[in-house]
Every structure is written in C-alpha cells, then in structure tokens.
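*Asks:* Each chain, letter by letter, is given below.
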Amino acid sequence: MSVLLEIKELTKYFGGLAAVNNLDMTIHEGEIVGLMGPNGAGKTTVFNLITGIHRPSKGHVIFQDREIGGKKPHLVAAYGIGRTFQFAYLFPDFTVLENVVASFHLDPKCGFWEGLLNTRAYQRKEERILDEAMEILRLVGLEREKDILGKNLPHGPQKLLTMARALAIRPKLLLLDEPIGGMHFDEVNRAISAIERIRSQGTTIVLVEHNMRLMRLCERIVVMDFGEKIAEGTYEDVKNHEQVMRAYFGHEYAA
Amino acid sequence: MSEKQGKMGVKTSKRYVAYAILIAFLLLLPWLSLGGAYFIHVCILIFTYVIATSSLRTIFVSGQASIGHAAFMGIGAYTSALLSTKLGWTPWVTILLGAITAMVVAVLSGYLFSRLRAIYFSMVTAFFGVAFEALMRSGGEFTGGKAGMVALPGMGVIDLPGLGEINFATSKIPYYYLLLFLTLFTLIVLYRIERSRSGMNWMAIAQSPLVASSIGISETKFRILAFAVGCFFGGLAGSVYPHYSSVLSPGSFSLMPSINLVIFLLFGGTRFFAGPVIGVIVLMAIPEVFRSLKQYAPYIVGGIMLLVTFWMPQGLAGLFESAKPWIFKMFGKGANPVRKEFSNGMRK
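Respectively, the protein sequence lines represent chains A and B. So that you can map any letter, position 49 of the first sequence is 49 in our numbering, and since no number is skipped, the others follow by simple counting. Converting from the second sequence to our numbering requires adding 1000 to each position, the first position being numbered 1.
FYI, nobody ran anything at the bench for these hints, they're computed from the structure. Just so we're clear, the structure is a prediction, and the values are computed from it rather than from any experiment. The beta carbon of each residue, even a glycine, is placed where N, CA and C say it ideally should be. Accuracy of the hints is not assured; some may be wrong.
[To be verified] Cross-link-like lysine-lysine pairs, in silico, DSS-like; alpha carbons within 25 Å at most:
hint, chain 1, residue 1, chain 2, residue 2
1, B, 1221, A, 71
2, B, 1324, A, 125
3, B, 1221, A, 72
4, A, 151, B, 1324
5, B, 1324, A, 146
[Claimed, not checked] Each pair of labels, with its calculated beta carbon distance range:
hint, chain 1, residue 1, chain 2, residue 2, range
6, A, 38, B, 1107, 44 to 50 Å
7, A, 170, B, 1025, 28 to 34 Å
8, B, 1015, A, 217, 47 to 53 Å
9, A, 8, B, 1319, 27 to 33 Å
10, B, 1307, A, 202, 37 to 43 Å
11, A, 146, B, 1259, 17 to 23 Å
12, A, 38, B, 1309, 44 to 50 Å
13, A, 2, B, 1013, 51 to 57 Å
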C-alpha cells in the first residue's frame, strides 16, 4: 500500500498552548483510520491543519508527495481531500440535492461563459452531475429526502448530507469529524452502513469519533491526548492500553 | 419523469408567452399617451434604477452587502462624460468604456474588500463611496468640481438599418428604447449567470464560506467575480444617464443614492430575481402618485420601509411568493411548489 498522507512533527500553537504537538501519522491508500482522544485532545485541530483552515506552526503535511500545510482550504479540496465538520454545517437554503450538486464545483470545465451562454455541452454536463449527485445520495441513503431544504432536515440526515457533500468532490481522502455525533440509534445504523459503503468503494477514510462501535470498523486507531499521540494500533491494542485508559478515565481507574 | 418534464415544458412556454406580452407592452408604452414627456422621463429613470438595483442584487447574492454601488455608477458616469467631452469620442463607445472602467475598479478594490465580510465589507464600500464623491468634488477643472459637468453630448443621430435615422436630440423616446434594450440585456445576462454554476457558487459562499471552501470554491475569486459583474452593470446604468440629462453632479453618486439603491432592493426582496424590478417600480411610483404630498415623500417611503422590515422581511416579491399557496387554493389549483423560486440550484 502506498502512502497517501504523511504528517511529520506537526505542531500548532494557539497562544502558548500546543493544541497539536509533534504529531507523526501516516495514512495509506485504502485504509480506514480512527482518530480518538478526550475532548480538547486536538483531533479537530489536526483536521483543520490538514485542510488548511489553520496554518501549522511547525511540521509538514504531505499529501501524495506534495506539501499542503498552510495551503488555502479550497486548494486542499482541489487536491482531493474532502471533509465534514464536527457540526452539521451545510447550505441551509439549498435542498438536499442542491447541496450535493453545488459540491460538484471542482468537476472540470465549469466555466463562467459556458454557464452564461448555457451551451449544449454545459447542459449535458449539468445533467450528468445531477445523475451523479443522485447516485451519491443513494450511497448515503438520502435519496428520499432530496427535495427537502437543508435547514429543514433533522440533525442525523443533516450529518449524512455533509458526508454526501464531501463525497461529491470525489476525494482520494475523506476526513469525517464525528460523523455520528448527536445521532440517535436508528440514524447511527444508517450512518455506519453509509460509511461501510463508502469504504467498500475504496475511498481512504480518517474519522474522529468517540463511539466504540464505529472505532471497531477502523483498521488502525491513533489516540491523542493534550495534542500528542499516546497510542496507535488496532482496536484491541488500544482498548486495553494503559495510557488511553488514563487519558479517558483518570489515574485511579487505570490498571 | 418524462411526464414531469412535459409539464415543466408547458410551464416554460407559458412563461415565454407572458414575457413576450410584457415586452410588447413595454415597446408600445411610449405611444399610449400616458402623461407625455414626463411619463417617458419617469420610465427612463425606472429603467436606470432597475439596471442599477438588479446589478446591486447580484453583489448581494454573493453575500456582499455593498453600500457604495452609486460610486461605481459614478465611475461609469464620469468616465463616459470625460471621454466624450475631453476627447470628443462618441457616447456610444464611452458608455461601454464607462462600464468597463467601473468593472476594472471593482476587480482591484474587490480584491482588497474580499478580505472583509458582512458589516465590515459594507462599511468599507460605504467609505469608498464617500471617498469617490469627495474626489470628484475636489477635481477642479477636470471633473467640474462641486458643480459637476454640464452640456454633455447626447447620443446624437444614428442611422439604423430598417428603421431609418433616429434623432436622440429631438425626443425622449429614443432614450426610452435605448434604456429598455439595456435593461432587458442586463436582466437576461444577470439571470443567466445566476442560474449557472457561478450563481450557485455565489449563493453557497453567502450561506457558508467555510463549507464552500471545503468543496473547493474559492471565496475570493467568486466574491470578486460577483462584485465585478455587479459593478459592470452599475457602471453601465451610471454612464448612460448623464448623456440623457446632459448634466452630471457629484452629489448623485454619494452615500445617500447608494443607500437608496439598497432600499429599493430590500423593499423588493433580495432573494428574488424580480425583487429589484418590483421594488424600483413601486418606490418610484409612490412619489409620483402622491405628487401633491411631494415634500412628505421621504417620510412615506421611510414609513413603508419600517413596515417592510417588520412584516415582510422577504420584501414585496417574498410577500407575493408566500401568498401563492393561498392564491392557488382560492383558484383550486392544488398544491404549488412554493419553494421552487427560493433556491436557484437546479435549472428546469
């Protein structure tokens, strides 16, 4: 398996606080990797550093042999990294389908003049995009909700929609930030089967989550605490790791 | 699916018939003897403001509430006026150059402004407007200073194949047709852009710059694009008018006219393409209808604005849109997809 993303000595200071400290991490093509840790461990900051929302204070983010640390978010998306956010950020005044269609912006030849003149080629392309968007909605199981406005969806489907949106850019790497956070039981099942379907299509996934059921899907888990990596390994390795227990439950509870 | 498309087709062709009737009506309007030259003058003003307000709406659609749009009209106006008087070029060319100059200034300033969002963007565009007016006032001989410019050349006499000679100096009617043509051109272009992917990107940025960037939309690029397109047509509206009225004063492009454009826009409804058209027509008509109360017109407009803000935050067009289900119910047409007009995403 070739290396898709390599993070070297990644460090981010907010004022005097090191939110991420000397983090090393490697993601291989086709993998599904979990990133976990207590609140404030720096998981989301890692995502934000990869996708260019924050600029690293130190260290490197290398995606397909290209340094992307500190690049603008829209460029990072163009390189092939899709992401969702911890909260269900979406386009509230677009319908579900429009949310996904809008996310095909990176599809080649979306020119200003073609759109203005509404050429044949442009129309055909938009029709194809419409079909592909429906396909993605079927993948995450939202095809029945396609005409509902984003803001009128319940929280669970909203999160599924953000996943669909990230998929629309045809990412080589998909970063999911708490994909099932705040969902109720049925929605969790829906989300997990969606993630499994995405995975079976060969997309590399990194996900931040606390839910152990989702973590069991991961081939590898990286555990962070106070911005540093404290453990790495399979689900079974990490589950009984002493430092992980201590990070989550405190000193008294550690074995 | 195909049945649905068929229905859509019928709806679209009905719509085209309605547009054809409307345009035919507008073409015949000057010959209906409705108040003579003054009526034509008001129509020309309305056309100018429709171009200006619709182009301002384009900028608003991308999430940029500009309060300096009149300054870009002014850039068009002064460019066209200066080129036609100092260099003696024909207004037919300088009008276009005025619009292009406004667009170029918009690209340059828009690059700086695009770092600012929301109220900070509005403030800096307002300052830009104030600075522009001050600059024109202090221009001395060159810009005519406080008094502005007078005796600007009109559109002259042109020879159109099939229509013969058209003399712009003897009547207002040729200007009516010129403005009508420019208004239709502007509306069609703006509508097409808004319904294309560029328009979708503008709306995406307006709703959430963060999400838009995560799917690869460059906020800077598309905000500048919206600003440039809006200011091009703003400049166009501005550059035609002085050749019609033959005078130009810096006060026409200060902060207050910019705010007036925003009022037209908010009154009509920002979310609807027809919003600015409705807003301009109604608000321009009010002072004309209450002519005997002319000195109270600002108070009437102010009062109406308060009502609009509290009772119909979507503007007049929004009021009509939300009343649609009621209207359809009354005529027994059944459920109507109200929100079709709301989001622009899909073309038919």
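*Asks:* Of all the hints numbered above, which does this structure not satisfy? Sort the numbers upward.
*Replies:* Per hint list: 2, 7, 9, 10 and 11 violated.
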